[in-house]
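If you read the sequences in order, they're chains A, B, C, D, E and F. Under this note's numbering, the first residue of the first sequence carries the number 1, and numbering increases by one thereafter. Under this note's numbering, the first residue of the second sequence carries the number 1, and numbering increases by one thereafter. Under this note's numbering, the first residue of the third sequence carries the number 1, and numbering increases by one thereafter. Under this note's numbering, the first residue of the fourth sequence carries the number 1, and numbering increases by one thereafter. Under this note's numbering, the first residue of the fifth sequence carries the number 1, and numbering increases by one thereafter. Under this note's numbering, the first residue of the sixth sequence carries the number 1, and numbering increases by one thereafter.
Hints listed in this document are in silico derivations from the structure and should not be mistaken for laboratory results. There's no promise every hint is true.
Claimed, not checked - Pairs of lysine-lysine residues, derived as BS3-like cross-links and limited to a Cα-Cα distance of at most 25 Å, are as follows:
#	chain 1	residue 1	chain 2	residue 2
1	B	112	E	77
2	B	49	E	77
3	A	241	C	417
4	D	164	A	344
5	B	12	C	120
6	B	417	A	112
7	D	55	A	344
8	C	12	B	112
9	E	77	B	344
10	B	120	C	120
11	F	67	E	126
12	E	67	B	344
13	A	120	B	112
14	B	112	C	417
Stated by the list, open to error - Part of the chain D face toward chain C, derived, beta carbon under 8 Å:
#	residue
15	20
16	90
17	136
A virtual CB, placed ideally from N, CA and C, is assigned to each residue, including glycine.
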Amino acid sequence: MAYRSGLIDLDKGEISREIFVDEAIYREEQERLFARAWLFVGHESQVAKPGDFAVSCMGEESVILCRDRVGQIHVFLNSCRHRGMKVCRYDEGSTTVFTCPYHGWSYGLDGKLVGVPYFKEAYESRLDRARWGLVEVAQLCCYKGSVWANWDEAAPAFLQYLGEFRHFLDLVLDGWDGGEGGTEILGGVQKWLIPCNWKFPAENFSGDSYHNISHRSVDLAGIGPSGSNRRDMPELLAARKLHIALPERGHQTTSFLLPRAAPVSAAYQGSPVVADYFQACEEARRRRKGEWGRMMPLVGEIFPSTAFLGRQPRSIAVWHPRGAHQTEVWRWYLVDREAPREVKEYLRDYYIRYSGPAGMTEQDDMENWNYAHAASRGVVARRHPYNYEQAMGQEVENYEFDGFRVPGSTLDITDAKSSEHNLRNFYRRWAQFMEAESWEALAPRPDRAEAAE
Amino acid sequence: MAYRSGLIDLDKGEISREIFVDEAIYREEQERLFARAWLFVGHESQVAKPGDFAVSCMGEESVILCRDRVGQIHVFLNSCRHRGMKVCRYDEGSTTVFTCPYHGWSYGLDGKLVGVPYFKEAYESRLDRARWGLVEVAQLCCYKGSVWANWDEAAPAFLQYLGEFRHFLDLVLDGWDGGEGGTEILGGVQKWLIPCNWKFPAENFSGDSYHNISHRSVDLAGIGPSGSNRRDMPELLAARKLHIALPERGHQTTSFLLPRAAPVSAAYQGSPVVADYFQACEEARRRRKGEWGRMMPLVGEIFPSTAFLGRQPRSIAVWHPRGAHQTEVWRWYLVDREAPREVKEYLRDYYIRYSGPAGMTEQDDMENWNYAHAASRGVVARRHPYNYEQAMGQEVENYEFDGFRVPGSTLDITDAKSSEHNLRNFYRRWAQFMEAESWEALAPRPDRAEAAE
Amino acid sequence: MAYRSGLIDLDKGEISREIFVDEAIYREEQERLFARAWLFVGHESQVAKPGDFAVSCMGEESVILCRDRVGQIHVFLNSCRHRGMKVCRYDEGSTTVFTCPYHGWSYGLDGKLVGVPYFKEAYESRLDRARWGLVEVAQLCCYKGSVWANWDEAAPAFLQYLGEFRHFLDLVLDGWDGGEGGTEILGGVQKWLIPCNWKFPAENFSGDSYHNISHRSVDLAGIGPSGSNRRDMPELLAARKLHIALPERGHQTTSFLLPRAAPVSAAYQGSPVVADYFQACEEARRRRKGEWGRMMPLVGEIFPSTAFLGRQPRSIAVWHPRGAHQTEVWRWYLVDREAPREVKEYLRDYYIRYSGPAGMTEQDDMENWNYAHAASRGVVARRHPYNYEQAMGQEVENYEFDGFRVPGSTLDITDAKSSEHNLRNFYRRWAQFMEAESWEALAPRPDRAEAAE
Amino acid sequence: MSERDEAITRLLLHREIEEFLYREADLLDERRYEEWLALLTEDVRYWMPMRRNVKFGEESREFTREKEDIAWFDEGKDTLTRRVRQILTGIHWAEEPVSRISHLVSNVELAEITPSLAAPGEVLVKCRFLVYRNRVETETDLLVGKREDVLRREAGGWRIARRKIVLDQNVLMTKNLTFFF
Amino acid sequence: MSERDEAITRLLLHREIEEFLYREADLLDERRYEEWLALLTEDVRYWMPMRRNVKFGEESREFTREKEDIAWFDEGKDTLTRRVRQILTGIHWAEEPVSRISHLVSNVELAEITPSLAAPGEVLVKCRFLVYRNRVETETDLLVGKREDVLRREAGGWRIARRKIVLDQNVLMTKNLTFFF
Amino acid sequence: MSERDEAITRLLLHREIEEFLYREADLLDERRYEEWLALLTEDVRYWMPMRRNVKFGEESREFTREKEDIAWFDEGKDTLTRRVRQILTGIHWAEEPVSRISHLVSNVELAEITPSLAAPGEVLVKCRFLVYRNRVETETDLLVGKREDVLRREAGGWRIARRKIVLDQNVLMTKNLTFFF
Ligand code: FES
Ligand code: FES
Ligand code: FES
Ligand SMILES: [Fe+3]
Ligand SMILES: [Fe+3]
Ligand SMILES: [Fe+3]
């Protein structure tokens, strides 16, 4: 086994470069992480009507997300059971059946093997079609429009897997006004390749609050929603900036927690309509969500490979591994379904100039991930672990601010400015996955207790 | 060892995807298959005169096919014994000696090391030139114009290796009129790369009678010799369509067996000259070949990597491995040496539009092999074996039709329409090669018996 | 372990192809050779002033060569200690500090970690900056302008590592007139990729006196300094041509040794100024250097990957490994610092047309290395070792000519014309490095004796 | 105007446009970004949609929609100016060190001339592009596709009023797009 | 006719031919195959020989011979029409989903004009081509070489009477050739 | 001379130069090296500098200096002639078997015409090049960049007096440069 404990030493705050550049460890990750963890697959609105399908990925593999005749959503491995042909080579569309172009086996929208040429003549009707349908994920969960899947039936249900992190995902999927799942995605999923290990973006979105210098150029150029700098949120001056991590789950976020009596921000001065819209939403949200209305998730990572931006550009990104040295990013952009067209357009423009390969902010992240990875591959470099000491030991359980008790383990970076608490939390969980033989050993203690009851 | 029994389960009719996508298994194949089996190298007409040479391949490696001064044919590893330089970098030509461009060692057409610069001065004439000639294949066999080679001196002679499959090869190499080795090759060997494991084309040509849907578009476009559909052979309506496989040899073919009193086809109506020619040949063949004149090999595979098309486009193809995920195909096209020019041109035109990367038929095969392979690489996909159950157990020994006893194990697909009998036969043999330490264990029982006598 | 003794059999003069094409052996080389041996990094004149830097390579890894404020030269791994980012991505320049673009850690010219954003706030000043400076090489040596480095502190000092080979390096680094380190480099380091294992060029420059045929075309075209053939040195007719190797060190050279009373050459007739210059230098050198003034190093290799050409084109080349199948060459060109401009220009023109990817001589070498490597990768090719028998056993210790005692083990090829003595010496040392667990076992006996005293 | 004269006029215009596009390419490849910005009209639209793999006959779904869906680029002059400003900070790491870029513009055709060839005010120009980018040591990108430009004649000469970039890729095989097409 | 006038005539013809070739490329890249077929004469020859590595001085052996040996393509209008028909079935898997293709045509030169520049009936045109193909997710092919076209003036305008395609490859590095050059 | 006439003159010259460059490319791609040499003036300079990665604002350090530093090429006619002679020996292994090469020349612009458009004696021509090389089985190189040529009108017509080749690479990703740009 390529992975060995010791590569991750969180007492010293050191992590070996091997886990990023070693190819054997990478192969183990495919089995131990991507075939066992919950992965984001897409959005219900991509398959709005029965018969709709959209191709997605889970780890290295192509999957089909579709809605069957009775409206139920499925996720299947995109590979024919006969000789493995990729049965669906379109990014999206609508169909009644997936017919394999090699020998013509066809599968229903529910994955069942419905058509087998010469079934009677050549198979004498003896092929057990029930056994040879498309490989379906072991577990599927549609949550407020988002679709998640897992290959391991021993894994806990999605919401249990999320634990209290659910609140943060809610803040991403609900409308800005707090309306239950009030979001929709903009058309078009961005897909592009980055020459680095998938964990570079994963740790970055887990809450790397330290890489300001990366973005200094865009701050100078100024692309913020109010046209000034990259992101501007006056109301946050009074807020606490927190690193919030769920131990034993591997989820973490950088969020702002507003005081009870926070002024409602006056952002987006660039456009009155937009400004008014957000102002109104702001108020509505606080009313609707009560205490949680004070929480503003900036960025976060749901273990292992799903990231979100909670404010603007509001989006969900997945880091698909493409070998130890390459990552394929897919990103979906979210807006309030009920928002006025002008608001959607305004946000869309901002999203495009901020995110993705043409995004003035992320361009520099990708440059750094690329050459950080490249410069870590050599035999000498590998002898020198990365440093994750930042604000080590400063986190607290049950962090409270102005009457709000924050779940999990929190590190207040309002004054500390930055910490690597979230990153340590991510890799702690990563190591557990690499070591555990099964979900037996992976289920977080609280859940096990629960189960025991 | 990467290969392990169990990957091939022919009782269940299931084969693991590992054998197609695993790189360690691929490396073992190079030693166990390609360095021990008989491989097609080329055609005598490529080296018609003494001094002629043509470069070819055996597995991953370049070899030189040439004819020496006394007219004998040789096959050598295309690598200098001194420092490995590729001594011949031309596809074909004529020479008296192969001189290495690095330090000038030169080798005769018989492979002997004939020239060594400074042999007296620097080697004091002590270099044992006899030991350092070009590496020659352990066994060579020229059969009716085709040239075959084998790196393993423990392997059985080519004709013994072929066994009764020789009759089918005869039908490919003899003239259409049954004249002994009456074929020649058209100028130009097609060479191209496909992104899939070499066994995809190998199994396809072993007799994949099931992939009609692959070719539906070309059937609609219609490119048949009579201009109608892809291939048309009215006379075959009365024939039996058979999957014929030689157990313990790994050779198999899809062939038609005509009834004794078969009408002679009236094909090629597009061109009278061609139609007449084939009509005449047809009759001559049945006369000359007697019973075997009733056999019409459509497609076949000589284990492991040589395929043939027995009718039109009459050709021989070799699947050269280029890593686990890529294959280089070489294809030679055959016509009757004595055929009128118009017939040769007619066939040539048909061959070009039918076969190869620009062939309207094979284009779709390659698309399917490409994405069947690609979609089988992931960790989840690898858990799900391919299905080879088709018509399992329906084969018979000593199949007989209208007085003709077919060798080996036969499955009549005239009514069954299709079967995977041939494919199972191919992989059964493949597994034997992967498991056997030497030819001791590989020699088919009948041959061993023979040997015992 | 992939490397195993037996691959190198110097009694028989045979070396397995595995050591050139096997990827596991390649990976071992990175640890055992490149992380333990002395490597050429650059020239002091590239970093003339404090603050100057130039990026270089050691094995696969990027390093920074720079001169600190107090004028001392350093070599650092070009990778940030925090997350590995390549801190310097410019080929050369001048700076006061290396600031990492990812999170802004900055390092002084002495490698010290001098800037850590939020050091107080986020690290509570607890980060031990002394431990997290840039990784510096264990040993560095500046010798007559050349800069050498070594990752292993257990290695002997550079001059001890060189042993008596130092005299030959002197002849490359001193002026043509024998003036101590009288050379400078021309602007611009040539860098290019060759598709072959790094040992092909390494053995070639160790003294492959046998590949004349490689260069026959350039000899015909004629590009010599006197415009006639490739290289012409009339005065050498009276000289002895020697293969000189230092056993247990792995350094070797092909050099000419002139008789005491050698005529001074009348070369460069193309240009009087140049001719006069060299004539004058010639005389001066013999005066200055005495006996060693009679030694003319043509080509040589300092184990493992630094090569030099001692005459024209006077240059130093390093073979950087880029995977088992690719090499990146870096080459620096030397001229006498004090030479008249016309001489420098004359030489420069000659260097450019002779060396490098556009060099009419080396173009053919690279072609041969490329296809010698490629044709050695297959399973059958690997069964057949390369032959290194040439002039085996003809070397002598304490070779003497006209009163000059040559160090190490010498083989006179004046009459033998060629030998593989140097190459055997190179691989003997290579095997020692692959086998030795530490420098304990690697230190040459003479040095150990020394040490013992 | 004789047919021949008209043909010549057409020819001259074609050359004029071609020359404009080549000089524009020079400005980009020589990193003279501010001069390049000056070639864009104030109301310029710079759009590069994303492309999907769709079934035969469903071509309408191939491209993401302008001003509706997400795109690689969908910009006006303001953002383009900010992009230039970012590069010119000298600390836009994705372009530090700057890329070595060549724009090959070929198959230039005037698809539409309005109001008239005699007095051309706007021209719709189609071409193919090949953008080659090489950075740092061996990082290399090759981007090929089609471009549809609307050029407008203004006081200072021709200006780019609209550019539609159709890149022949689905998954973008370049880590970032820190350059212009 | 003055020398200048003749030069201009030559220029106009050159532009006319160039325009023809660019528009043809548009038809191919926009998958307007039937319109493309209409640009071929009834007796069109479409030939793409294979190439061998031969010794210096044996250039005559480099190409497979037309109408004699095997080639990548050696077609008339009938087969080309069938190829188009096959793509248009929508189930030609090798083109499902359809490829994203760009034809870059450059170095266009009129090598021969018959019977005369004044009344050109046939023109032999030489050019270089770069065909970029991208499919599905990241499948990519780059094919570069030379083309020799014989264009014939017919009622409807110029038509392609012959196309010789010289691809700079030996082992074809593309799994299939489901497109036109 | 009317403006239109001058424009036409310019056009004719542009076409003349373009044609010259295309025919030159033909000579190289058809391996007619001696004819190619005849296109070079006796005092031709053929220069291809190396390129460095430098910090923003330090562009002056980007290129190695002509006649000062090392370069990939820095030649006169004598060396170029010897290079041709070497290939023609038939035993220049790096070109045995010969490479399959295509020169794509695009973005041709006349940057400077001296002494005058009316009587052009020398022309500074800028263009982009794409050189595609394929050898033996699958060995492939793609070299892209810019070229600046000075063409001089001599008795026999236009000649190349100077060629500056700016390749968009830092580490040369080609094992050798046995061909011309
Ligand atoms: S691979 Fe799908 S039916 Fe055969
Ligand atoms: S490699 Fe062939 S002679 Fe040395
Ligand atoms: S990687 Fe250099 S500061 Fe973080
Ligand atoms: Fe960032
Ligand atoms: Fe088929
Ligand atoms: Fe050499």
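Exercise. Could you work out which earlier hints the structure fails to respect and list their numbers in ascending sequence?
Key: Violated hints (numbers, rising): 1, 2, 3, 5, 7, 10, 11, 13, 15 and 16; every other hint is consistent with the structure.
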